[in-house]
Amino acid sequence: MPDVLQKNPENTAAAPAAAAPEKARSLWGDAVATLLRSPVFLISGLLILLLLTVAFWPGLFTSMSPYDCDLAHSRQGSAPGHPFGFDVQGCDVYARTLYGAKASVEVGVFVTAGVFLLGGLLGMLAGFFGGWWDSLLSRITDIFFGIPIVLGGLVILSVIKANTVWPVIGFMIAFGWPPIARVARGSVITVKQQDFVQAAKALGAGNGRIMLRHIVPNAVAPVIVVSTIALGTYISLEATLSFLGVGLQPPTVSWGQDISTAAAQYRNAPHMLLWPAGALSLTVLSFIMLGEAVRGALDPKQR
Amino acid sequence: MGRYVIRRLLQMIPVFIGSTFLIFLMVYALGDPVTAFFGDRRPDPATAAAIRHEYNLDKPLWQQYLIYMGKIFTGDFGTAFNGEPVVDLMARAWPITIRLALLAVFFQAIVGITLGVLSGLRRGRALDTSVLLATLVVISIPTFVMGYLLQYLFGVNWNIAPVSVSAAAPLDELILPAIVLALVSLAYTTRLTRTSVSENARADYIRTAVAKGLPGRRITVRHLLRNSLIPVVTFLGIDIGNLMGGAIVTERIFNIQGVGYQLYQGILRQNAPTVVGFVTILVIIFLLANLLVDLLYAVLDPRIRLA
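For the protein sequence lines, the chains are H and X, in the order given. Under UniProt numbering, the residue at position 57 of the first sequence is numbered 57, and the numbers go up by one with no gaps. Under UniProt numbering, the residue at position 6 of the second sequence is numbered 6, and the numbers go up by one with no gaps.
Each hint should be verified, as a subset may be incorrect.
Label-pair distances were calculated between CB atoms; the ranges are [stated by the list, open to error]: (1) X/ASN255 with H/LEU282: 27 to 33 angstroms; (2) H/LYS161 with X/ASN255: 57 to 63 angstroms; (3) X/TYR297 with H/GLY204: 39 to 45 angstroms; (4) X/THR35 with H/LEU27: 52 to 58 angstroms; (5) X/ARG125 with H/GLY278: 26 to 32 angstroms; (6) H/LYS161 with X/ILE238: 45 to 51 angstroms; (7) X/LEU292 with H/LEU60: 52 to 58 angstroms; (8) H/GLY204 with X/ARG218: 41 to 47 angstroms; (9) X/LEU171 with H/TRP132: 46 to 52 angstroms; (10) X/GLY83 with H/GLY208: 57 to 63 angstroms; (11) H/LYS161 with X/VAL87: 45 to 51 angstroms; (12) X/ASP294 with H/TRP132: 40 to 46 angstroms; (13) X/ILE238 with H/TRP132: 22 to 28 angstroms; (14) X/THR79 with H/GLY278: 34 to 40 angstroms.
Keep in mind that the hints were calculated from the coordinates and are not lab data. Each residue gets a CB set at the ideal place from its N, CA and C atoms; glycine is no exception.
The shape of chain H in the complex, shown without the other chains:
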């Protein structure tokens, strides 16, 4: 948990700047100030920055290609110039681990954005208008909760296969929005009953204006928190689907696939399993830590 009282010497510049003027800070300004003082946020932020760099420019860290394989080196351990050794096909594990970051980051970011928009929108409409629309949405989310997401992924993605990340992203948005919609709905219902919304209504503001100008800015915090924490679990889910053979397909390099092929041989060559699995776990960990830090900053109950 981020400790508000803890003084972090690296951030003394930010703290007085935020504390000196006595004017009231907004929730967001307050949250940013809390985040910059949180060691959890700084550590996870650095890790994610590193991860993004690797995902977009893997060539900065290695001159080898993940497809440049030599069967003569199959399953060999580390060698000069190949610190992580070789996999079954004789490909360089270091290069494949670096190039695998891209798919995971893409899936995580796009699914989170999609789920945030779709779930947020549907949840907001249900919470704002209530009535039959709300009951319908509740029943639909109940239906989705009854089918485990891994199972849905196996059924849908075993039929729709493509060499891009888009079917996986589309499926995960289609099955991932209900929990976000529930959070958004609850948050909107709380905000809807507050006085400023009544005031806006009394002044003659239309539904669209009330929702966009008054409800969204005040109800969005819990949705952001849940989505950020979910980002890590989406990356984990993508790897699970790829591990089961229905997620990303070759030639896309992904940690899930590499773990799946390495797992069959882990007794003889544990290094093939270790690196992609470690990279995957570290990535999920840093996004979950980021989510925890954001929760600490945005949820006043946690302080």
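Using the hints provided, position chain X relative to the given structure of chain H.
Relative to the frame of chain H, chain X by itself:
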């Protein structure tokens, strides 16, 4: 109470129909079971048409669904493509997975709640911090990575647990797979219990209990824990779906021939009757478990009246 249960059972009907129709739609509309039946070869059109007619696949989808549901209520779940009745497959697979899942829920509840109470009562101390850190790490390691890791350590390296579970799947062989299956949920249970306990520990009734001189253990178990369990129990109910998804992965790693195994095989071979049959039972279990959770609310907190 009786009326509440009946009303809840009635409310389950649309959700049951929705979930089963969704999976029916996905299995039958996305793939072509008859083509799958013939594998890589192209079927003879006349034979294909005859099979379509025999399995009612030439009718509109909603009619197929109605026919299927009608049969289910007479105990006929159809026939898998290898000619074996799906009911026989279920009779073999469900007992194994139920044993695995119950064992996992047992670990999840006992270990998760105990750790959660211990760290919730010592918020900010060393134990609390290490529990928080450990749960964070456990949540971050995907189930399949954790599965191989523990299989390697306990099965291959130290040789104290079986690497692969035998066909009969006795309880002692299922302990390691159940731990793997439970771990992520266990971490969430711990965190949820911790938050709930540390919030309730400041409540007035706890101060009263301390003031009237009750022993610490009694305060924790009877007063604090009972009042803190409702969100935890809710989570355990909703989590059964995740547990079943995790079972697909865990059963694959430890070669357990349970529901997850049958579903995985069924889906990859587009064996539609198997998939829909198993998922139908899965949905029923999920709905009943959540009804049980709602009934538990009233046991935990008598102020909640079920009506």
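Taking the hints in turn, this is what the structure says about them:
1. X/ASN255 with H/LEU282: 27 to 33 angstroms: This hint holds: roughly 29 angstroms between Cβ atoms.
2. H/LYS161 with X/ASN255: 57 to 63 angstroms: violated, 26 angstroms
3. X/TYR297 with H/GLY204: 39 to 45 angstroms: holds, 43 angstroms
4. X/THR35 with H/LEU27: 52 to 58 angstroms: holds, 56 angstroms
5. X/ARG125 with H/GLY278: 26 to 32 angstroms: holds, 30 angstroms
6. H/LYS161 with X/ILE238: 45 to 51 angstroms: violated, 31 angstroms
7. X/LEU292 with H/LEU60: 52 to 58 angstroms: At 54 angstroms between Cβs, range holds.
8. H/GLY204 with X/ARG218: 41 to 47 angstroms: violated, 59 angstroms
9. X/LEU171 with H/TRP132: 46 to 52 angstroms: About 48 angstroms separates the Cβ atoms of X/LEU171 and H/TRP132, which means 46 to 52 angstroms holds.
10. X/GLY83 with H/GLY208: 57 to 63 angstroms: holds, 60 angstroms
11. H/LYS161 with X/VAL87: 45 to 51 angstroms: Distance hint for H/LYS161, X/VAL87 is violated at roughly 32 angstroms.
12. X/ASP294 with H/TRP132: 40 to 46 angstroms: Between X/ASP294 and H/TRP132, where Cβ atoms are some 23 angstroms apart, the hint is violated.
13. X/ILE238 with H/TRP132: 22 to 28 angstroms: holds, 25 angstroms
14. X/THR79 with H/GLY278: 34 to 40 angstroms: Since the Cβ atoms of X/THR79 and H/GLY278 sit about 46 angstroms apart, the hinted range of 34 to 40 angstroms is violated.
When held up to the earlier numbered hints, the structure conflicts with 2, 6, 8, 11, 12 and 14 and fits the remainder.
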